[in-house]
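There are 2 protein chains.
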Amino acid sequence: MCELLGMNANAPTDIRFSFSGLARRGGETGPHGDGWGIAFYEGKGARAFHDPQPSARSDIARLLRDYPIHSRIVVAHVRRANRGRVALENTHPFTRELWGRVWTFAHNGQLKGVKRWPLGAFRPVGTTDSEHAFCWMLEQLRALGDECPPARRIDAEIRRLCAALAPLGVFNMLLSDGRTLYAFCGKRLCYLTRRAPFGKATLIDEDLSVDFSKVTRPDDVVSVIATRPLTRDEAWIDASPGQLLVWRDGELR
Amino acid sequence: MCELLGMNANAPTDIRFSFSGLARRGGETGPHGDGWGIAFYEGKGARAFHDPQPSARSDIARLLRDYPIHSRIVVAHVRRANRGRVALENTHPFTRELWGRVWTFAHNGQLKGVKRWPLGAFRPVGTTDSEHAFCWMLEQLRALGDECPPARRIDAEIRRLCAALAPLGVFNMLLSDGRTLYAFCGKRLCYLTRRAPFGKATLIDEDLSVDFSKVTRPDDVVSVIATRPLTRDEAWIDASPGQLLVWRDGELR
Chain V
4 MCELLGMNAN APTDIRFSFS GLARRGGETG PHGDGWGIAF YEGKGARAFH
54 DPQPSARSDI ARLLRDYPIH SRIVVAHVRR ANRGRVALEN THPFTRELWG
104 RVWTFAHNGQ LKGVKRWPLG AFRPVGTTDS EHAFCWMLEQ LRALGDECPP
154 ARRIDAEIRR LCAALAPLGV FNMLLSDGRT LYAFCGKRLC YLTRRAPFGK
204 ATLIDEDLSV DFSKVTRPDD VVSVIATRPL TRDEAWIDAS PGQLLVWRDG
254 ELR
Chain U
4 MCELLGMNAN APTDIRFSFS GLARRGGETG PHGDGWGIAF YEGKGARAFH
54 DPQPSARSDI ARLLRDYPIH SRIVVAHVRR ANRGRVALEN THPFTRELWG
104 RVWTFAHNGQ LKGVKRWPLG AFRPVGTTDS EHAFCWMLEQ LRALGDECPP
154 ARRIDAEIRR LCAALAPLGV FNMLLSDGRT LYAFCGKRLC YLTRRAPFGK
204 ATLIDEDLSV DFSKVTRPDD VVSVIATRPL TRDEAWIDAS PGQLLVWRDG
254 ELR
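Chains as they are written, first to last, in our numbering: chain V, 4 to 256; chain U, 4 to 256.
No lab work stands behind these hints, which were simulated from the structure alone.
One or more of the hints may lead you astray.
Treat identical chains as interchangeable: a pair holds within one or across any two.
Said to hold, decoys possible - Here are the simulated lysine-lysine pairs, PhoX-like style, with alpha carbons at most 25 Å apart:
#1 Lys203 / Lys217
#2 Lys47 / Lys115
#3 Lys47 / Lys118
#4 Lys190 / Lys118
#5 Lys190 / Lys115
I would like the entire structure built from these sequences, with the hints used as guidance.
What follows is the structure, given as structure tokens:
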């Protein structure tokens with residue numbers, strides 16, 4: 004299994020606090036030592052950092068804990084390999100371009116038999132079932148048209164695609180096109196939304212606290228989605244198996 | 004204008020020495036202060052680092068100067084914006100997947116009118132003429148077939164595509180699919196190949212020398228391609244305008 008971390012906010016937001024907790028689970032407080040990756044959207048662009056090294060001992064993870072990247076959408080993943088060897092090409096999140104947007108995908112679980120599902124022009128580079136499922140989803144989305152459809156139309160199609168994939172096994176996933184963050188709960192996923200009045204939070208995996216009232220503006224809305232709660236003193240909400248969460252501008256849609 | 008740096012070797016090789024020289028040209032010894040990027044192939048995967056900050060003052064560039072990534076193919080670019088605003092989505096190198104391979108592209112120059120050339124499924128995320136040209140090239144390549152053709156067939160098609168683009172303006176470019184490194188000289192590009200007996204080299208842009216005999220194995224072959232020579236004491240060869248250089252396993256093909 005692996006762990007996921009997603010963030011969606013209504014203004015560019017620094018993810019370092021949450022990422023610090025997740026990174027510790029990559030080989031230190033958790034067994035997910037088979038690589039990690041994180042993608043940050045900034046405007047229409049996205050920056051991704053991948054490392055087949057455990058995040059708890061990764062120089063790149065250390066840089067990111069010190070270096071503030073402000074982003075409205077973040078997708079991160081620490082990996083414990085079950086399908087596909089430990090290699091850069093098997094390290095989530097995966098990215099592809101569709102309709103002139105950067106799509107990013109990270110998955111926790113297994114999807115039995117998905118590699119027999121036919122693909123079109125999007126092809127996996129690595130050998131994970133996750134990347135195959137991502138390529139399959141994008142090909143279905145592309146069938147919606149040559150130009151990017153309205154967000155609601157994409158939401159409905161992604162709901163349909165998740166419902167098709169979920170019966171194959173465990174399908175906890177994060178997907179984004181830079182405008183919307185989709186989170187599907189196959190088995191385990193939780194979330195919370197931080198907004199005014201902001202309070203304090205303390206990580207579970209590291210002795211680190213933050214007072215969000217000192218690092219936010221009053222109208223900031225920041226939602227965080229994770230496999231397991233990252234903080235010990237906030238009210239995380241469990242998603243239900245089969246539930247698709249659709250986030251835009253920090254809010255559930 | 005911008006500056007390019009490419010590397011192709013027959014074994015995973017550390018690019019830090021050459022990258023140190025290039026990075027200084029991003030806002031320090033050169034005027035290319037509008038962002039930079041570098042892509043490293045490792046196996047079938049590729050890692051890219053992008054920063055809209057000048058490379059001479061970039062925390063990520065500093066990390067890469069300290070952190071050895073061993074790669075057989077590297078594509079790097081420092082940017083001085085002429086088309087497209089300074090933003091992450093306009094920062095080279097650009098990447099796309101085709102035939103299950105990661106393609107990487109970086110360009111120095113301008114291509115007048117290329118944005119009117121029709122595209123297929125590959126669409127630009129940003130607003131540069133460079134990314135438009137890259138999307139156009141990939142669409143032409145895709146027309147070769149559903150599966151990846153032999154390398155020689157791809158070489159011939161890329162030669163044809165470069166000849167079509169070059170008359171639009173200045174087209175110095177690096178392109179790779181992780182197996183081959185293509186370098187097209189529209190106006191200015193130079194290269195060298197390091198092989199046994201290895202000697203010393205000193206950067207032009209920084210007081211830094213390396214004795215390659217101490218960091219290589221006897222059968223290593225490493226070729227470096229750059230807009231302008233990076234070292235003061237090696238014999239760089241000027242490519243001719245209109246010349247396509249095709250590198251595999253460190254050697255010109």
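Verification of the hints:
no.: 1; hint: Lys203 / Lys217; result: within (9 Å within a copy, 53 Å between copies)
no.: 2; hint: Lys47 / Lys115; result: between (34 Å within a copy, 24 Å between copies)
no.: 3; hint: Lys47 / Lys118; result: between (31 Å within a copy, 18 Å between copies)
no.: 4; hint: Lys190 / Lys118; result: within (21 Å within a copy, 46 Å between copies)
no.: 5; hint: Lys190 / Lys115; result: within (15 Å within a copy, 52 Å between copies)
The structure shown violates none of the earlier numbered hints.
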